[in-house]
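Protein chains: 2
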Amino acid sequence: MKKIILREDEMPTRWYNVVPDIPGGLQPPLDPETKEPMGPEKLSAVFPMALLEQEMSSEPWIDIPEEVLEVYKIWRPSPLVRARKLEEALGTRAKIFFKNEGVSPVGSHKPNSAVAQAYYNKREGVKRLATETGAGQWGSALSLATSKFGLECKVYMVRVSFDQKPYRKSIMQTFGADIVASPSQDTNTGRAILEKDPDTPGSLGIAISEALEDAAIHDDTNYALGSVLNHVVLHQSIIGLEAKKQMEIAGEYPDVIVGCCGGGSNFAGLLAPFVPDYLEGKKIRFVGYEPASCPSMTAGKLAYDSGDVAMMTPLLYMYTLGHDFMPPGIHAGGLRYHGMAPIVSALIRDNIVEPKSVHQLECFEAGVLFAKTEGIIPAPETTHAIRGAIIEAMKDPDEPKTILFNFSGHGLIDMAAYDSYFAGELHDYSYPKEQIEKSLARLPNVSKTDEID
Amino acid sequence: MKKIILREDEMPTRWYNVVPDIPGGLQPPLDPETKEPMGPEKLSAVFPMALLEQEMSSEPWIDIPEEVLEVYKIWRPSPLVRARKLEEALGTRAKIFFKNEGVSPVGSHKPNSAVAQAYYNKREGVKRLATETGAGQWGSALSLATSKFGLECKVYMVRVSFDQKPYRKSIMQTFGADIVASPSQDTNTGRAILEKDPDTPGSLGIAISEALEDAAIHDDTNYALGSVLNHVVLHQSIIGLEAKKQMEIAGEYPDVIVGCCGGGSNFAGLLAPFVPDYLEGKKIRFVGYEPASCPSMTAGKLAYDSGDVAMMTPLLYMYTLGHDFMPPGIHAGGLRYHGMAPIVSALIRDNIVEPKSVHQLECFEAGVLFAKTEGIIPAPETTHAIRGAIIEAMKDPDEPKTILFNFSGHGLIDMAAYDSYFAGELHDYSYPKEQIEKSLARLPNVSKTDEID
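These protein sequence lines map, in sequence, to chains A and B. Residues in the first sequence are numbered from 1 upward in steps of one, following the UniProt record's numbering. Residues in the second sequence are numbered from 1 upward in steps of one, following the UniProt record's numbering.
Okay, chain A solo, but in the shape it has when bound (with noise of 0.2 Å):
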């Protein structure tokens, strides 16, 4: 068989909550103002009770509602699938199984999180998301989402991506929902900016706020983020929770999972029920690969720090380059961030995931190599798990092993970056040493993160 897909009664019911298996524990979020452990009060003025008490909770089971799991149903379950040709041209012994969230109607993963966020948001009586875009591929999947539950939806998208990127514009527009170049006029943090220097290319800081400022001044209007949070990785567990079963249907049990990591939910989505495995003493690697550019894992520091440039998020406990570390226009623009998830930041501390790094030119030649053998294209981002993946089938290829890795998304609105890359005009940028030290030289003051450090 070529692919495993579940039926539609085989899939998962539950999302699986890893923060209980954390040996180490989780570091609370703290009040970017006091630096006090924030509770949910405050933060329920931008997001529901049902997801602040995901975010905080130490259930390791939460039920998926049924309105939540009929939209899943327009592309879940995913297939997933043995790359068979990708062995044979790497003359491997290796088994590699990918999972392919490709198939959703957005492309990629991320309406896994979105649909459960629209969800809870409708159910709490919100009327309107904001939230902030780089690429594009959170906006599609949050204007999918929020036309799903009838939401209205206002998104802030980076000025750069707004005017080079006018298909994800459309795939929001068709959606129904509001799209604006940030740093915008409708926000006083976007005037602000704007006056200061009206032909800026925006960053998905500024565009952060905006959204934040606009979920604060609307009553009706909350905020979506689409990564990073613990309750973002929550809902990505279904995509671990079906692999899991697949695998066993395909009666194999994986030697290695391998991710790309941007803010870390796709590869915390595909990791989290193996966990527990892990820890009764299975014999099972977890690798994250983040571009070598913007290496949060490899090279930042494990620190308190701000989710924005504008420090308007809490302050969370992650592996950070710092809130104003600017990566270099690397084409992988999901991966271009400053943090970490605080979940997937706890499980490297506690060595349980191996931070790598990769650059962009193998990443694309990997990702090439795929689509003439598997026949999908990747997205730029999802070329970093399979550069990752080849990465530890070739590392001694006659030595039989089970690979599984996430295809988080195709490529195929984002060819831009592959006619690039075929151009000659990219090419690898050298760890940015500089800058790193000089952003991480700003981390917020938090006397408590020394200690723990």
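By construction, these hints were calculated from the structure, which means they are not laboratory data. No false leads were mixed into what you were given.
It does not matter which identical chain is meant; a pair holds if it fits inside one copy or across any two.
Here are the simulated DSSO-like pairs of lysine-lysine, each with C-alpha atoms no more than 30 Å apart in a straight line: (1) Lys-2 - Lys-395; (2) Lys-122 - Lys-3; (3) Lys-395 - Lys-301; (4) Lys-127 - Lys-85; (5) Lys-245 - Lys-283; (6) Lys-122 - Lys-372; (7) Lys-73 - Lys-401; (8) Lys-122 - Lys-2; (9) Lys-245 - Lys-95; (10) Lys-85 - Lys-122; (11) Lys-42 - Lys-127; (12) Lys-2 - Lys-127.
Following the hints, position chain B against chain A.
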């Protein structure tokens, strides 16, 4: 259950050939020079024998080679989905099902034939395929298929698309194809046209001529066509065979089957296996929807005509607007063809298929409604089938009936069309009566035509 998905081992292992079912039979293709029926010997210069046998076959069932099935399994079997949210939004009592062919790696049904064509060419020792592509769907599909069988692929892409649709070009490039803007310096046809008019935007007619010339002058090269021909319809019957099984599992049988029609292959592929039931007295309607601006079925003439502007192809007996009819620049590029598959044409003549036409604005409107209700953005071509299904559902909303339509492809690579729609730049074209009369007056003079038509 939302979707019905077959297991891989439930996939059809034979294609269904609807030709023997056609009450009035098919007219043979004619040699464009002698106007005599054209045997396989002359065509074998550009097609492999196996495809020519399929083209002429009167066998109802033809085995799908194992190697083709293996590649199909990258995305097949494809889902059958009940569009309940669309039904609710319409307030109809009709049950609407769609077969989702958008799940292929290039987002459309085209690889169903591309893979088979690449396989048979490879088996007969061909090293290289030449083809034309307009919007890029067929070129992408053939590039994918040739990459799977280790063939070279040369795509002549209409210049205006080559310049305006860089993403499609890079999809083909990722799969290893060689793409050139047509007219090109690579053929006599191309050079002659460029000499006269260096700034020509090109046309599908010119691109077909270039690809045919390429195949004719290179010993190792064959030609591949993505629609119209009988063997293409045969390969697309996998759509209908799966859908029929899936409808049985759903406990339903369609009262109406709807499709969009360009060259006719996706619609014919869906309806083919249902025709025998119709002939045995089952009450079922087959309704094909074409653009009102390119109305070969509803305003064309059933006659022998050429498949390309330069009249290099065999003459086919089909509904046609005349081989030099230039359709307006509507955004469903895949439906801008002057002729209709001989199989579909014969089924119209025999009063089995009902031809209808729709305007592009009502189609985009239907496409946006579909995206918001079902969560999947359709290709501009596919919106014609959706519009058709809605028309059928709303004829008498209180009458319970079951509608099945072919969702031939997703729109993620064609969002520029939606951009134009949202920007209010699109308009409907009135019926191009005068132009059709002119081009029909230039049909090739074939004495046979008159006695049959």
